[in-house]
Amino acid sequence: MSRSNIWLWSAAVLTYAFLYIPLAIVVLYSFNDSKLNAEWVGFTLSWYKALLNNTEMLAAARNSLIIALSASFSATLLGTMAGLAIHRYKLKVLPVLVFTPVAMPEILLGVSLLLFFLQVLNLTLGMVSIIIAHTTFCIGFVAIIVRARLQGMDESIFEAARDLGASPWQTFRLVTLPLIMPAVVAGALMSFTLSIDDFVITFFTKGVGEPILPIQIYTMIKVAVTPEVNAISTLLMLLTLVMIIFAFRLEARASARTMSLDEAGK
Amino acid sequence: MALLEIRNVTRRFSNYTAVDNVSVSVKAGEFFTLLGPSGCGKTTLLRMIAGFDLPDSGQILLDGTDMVGTPPEKRPVHTVFQTYALFPHMTVADNIAFPLKMAGKTPQEIKARVGEALDSVRLPNFGSRFPHELSGGQKQRVAFARGLVNRPRLLLLDEPLGALDAKLREEMQIELINLQKELGITFVFVTHAQDEALALSHRIAVMNRGNVEQIDEPSRIYSFPRNRFVADFIGKISMMNAHVVEAAPSYLKLDVKDLGEVMAAGNAGVKVGDNGVMAIRPEQVRISHPSGEPHLKNHFLGKVHDFLYVGDVTTYIVELSNGTYIEALLPNSAPGRATFFEVGDQVGVSWRHDAGIFLND
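Sequence order for the protein chains is G and R. Just so you know, we're using the working numbering here: the first sequence kicks off at 1 and counts up by one. Just so you know, we're using the working numbering here: the second sequence kicks off at 1001 and counts up by one.
Treat the hints as calculated values from the structure; they're not laboratory data. We put the CB at the ideal spot given by N, CA and C, even for glycine. Fair warning: there could be bad hints in the mix.
Sample of chain G residues facing chain R (criterion: CB under 10 Å; computed from the structure) [to be verified]:
no., residue
1, D33
2, A59
3, F158
4, D163
5, L164
6, G165
7, A166
8, P168
9, Q170
10, P178
11, L179
12, M181
Derived EDC-like pairs: lysine to aspartate or glutamate, alpha-carbon spacing no greater than 20 Å straight-line [unchecked claim]:
no., chain 1, residue 1, chain 2, residue 2
13, R, K1236, R, D1306
14, R, K1027, R, D1306
15, R, K1101, G, E159
16, G, K222, G, E210
17, R, K1074, G, E159
18, R, K1271, R, E1246
19, R, K1257, R, D1274
20, R, K1297, R, D1258
21, G, K90, R, D1053
Please model the complete structure; the sequences and the hints are all you need to start from.
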């Protein structure tokens, strides 16, 4: 191995270690047969069992799932439309308007949504306000993914559909939608993972009622970092990981198929 | 009555006029080509026929009905796109079935017609493949089949052979001619490749800067270009400034500055005193040793300036005594011989009295 190769490898290993060792420790201690996160005693599944008996944690998980599903559904619907609009109408201001909430500091978004809900809409904070808030910051992500997919596609495919007798609606249903579907699904999965573990915006918009998973975890570790927290974190990590991998593979496979077509056209 | 009649169509974009008051009529069963350099308006015109773009003024009549305002899906016109535009998520059979489904044909009819279409483009067993599993030529054939399967009144082809390599391109040209002949469907073909236009078309409209310069059969476009643009765009041609000194129905006598008298083909539109150019195709010019007998009317001496050997023929660029250049084509029919003349050789060039043409300024 050459000198520069060794450097490159060590840098890579260190970076990945930095990224994954903390996560690995969380996973490891979720199986540790000890109440303290200090030393390894032995393997157990008891923390996962304890989780099943923790009614408040289960309620928080259920609430978070409902929020993530509703928010990702509405964000996907609106974000897909936004992505299509940005692609079709070459208005320069449109993408800026849609993508800005993605880059905006979460705390800012949280505060402004809180004020908006309380002072403008006069809404009682709860599940509905959280769903609306999560939808807001997920729309941009979906729009970015859908638009990226459209940009890689040959525009004449859509013209061809019209040319061969399809109405605008038929063109959308039979050609556009199937072609952007991988991006739509990827956007939905992305929104789900963003929503289920969001803390800052949820914190500002949740009100006092229902327990929400990330907030619940935070409340628990304020008392003590029990292995139960490790267990719920591990489960959350697993869910997120599966969804992200799925989203990536979907996009990669779909673009591989359309790319080969684009190349032939050149 | 013409199948397609384009009447005074103009299309302006913000800073230029893409199509400028163009009128063209295409007969039923014709293979009609719009030929011109990029930016000449040929694709804009095609898109207006298909319905993807609307003229600012003028009419586009199909079978006597104005199509302007009719959306693309309602026009009995299909397009073969430069990029093929096959639907990547559908099989070949579903791609070809698409226009039939949109037209509301029964499943039995669709199945039969798709089978026929696949046979006609020699891809009988390709129905279940996806576009990304096909080669360029195969995609091209599927695109033809999809465009033709519902028997449109008119098939528009937007540089469909542009992405193919030279050999495949020639094969597809022959297939295209045969398909058109068999089905009798009217083709409007857009290309910037003049050799392709000459080989395929019944008639060609040569376009330049949004205008139609000439509409004629390929041989007439080549032999009797109406102006300098057409002469220059189609094939190779040498031009020299000339002045008409005698005009008869069967011949013209021209004066080329510092060279002398040149005889050219008669042209009714030309009168004595006109200024313009004498134009001559390289294959009409003979090149010989300077001592050779001048048995053609137009005979001049010059010197080989350069030559281009391309295998079957060699093009010699000869500098005449007045400093202008003329190209002469020599077929390499003598075996084993690479060149007949070298750069700097004194040569004679000659051409028939009716081979050159005069083009007004």
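Flag every earlier hint the structure violates by its number, smallest first. Those not satisfied are hints 1, 2 and 14.
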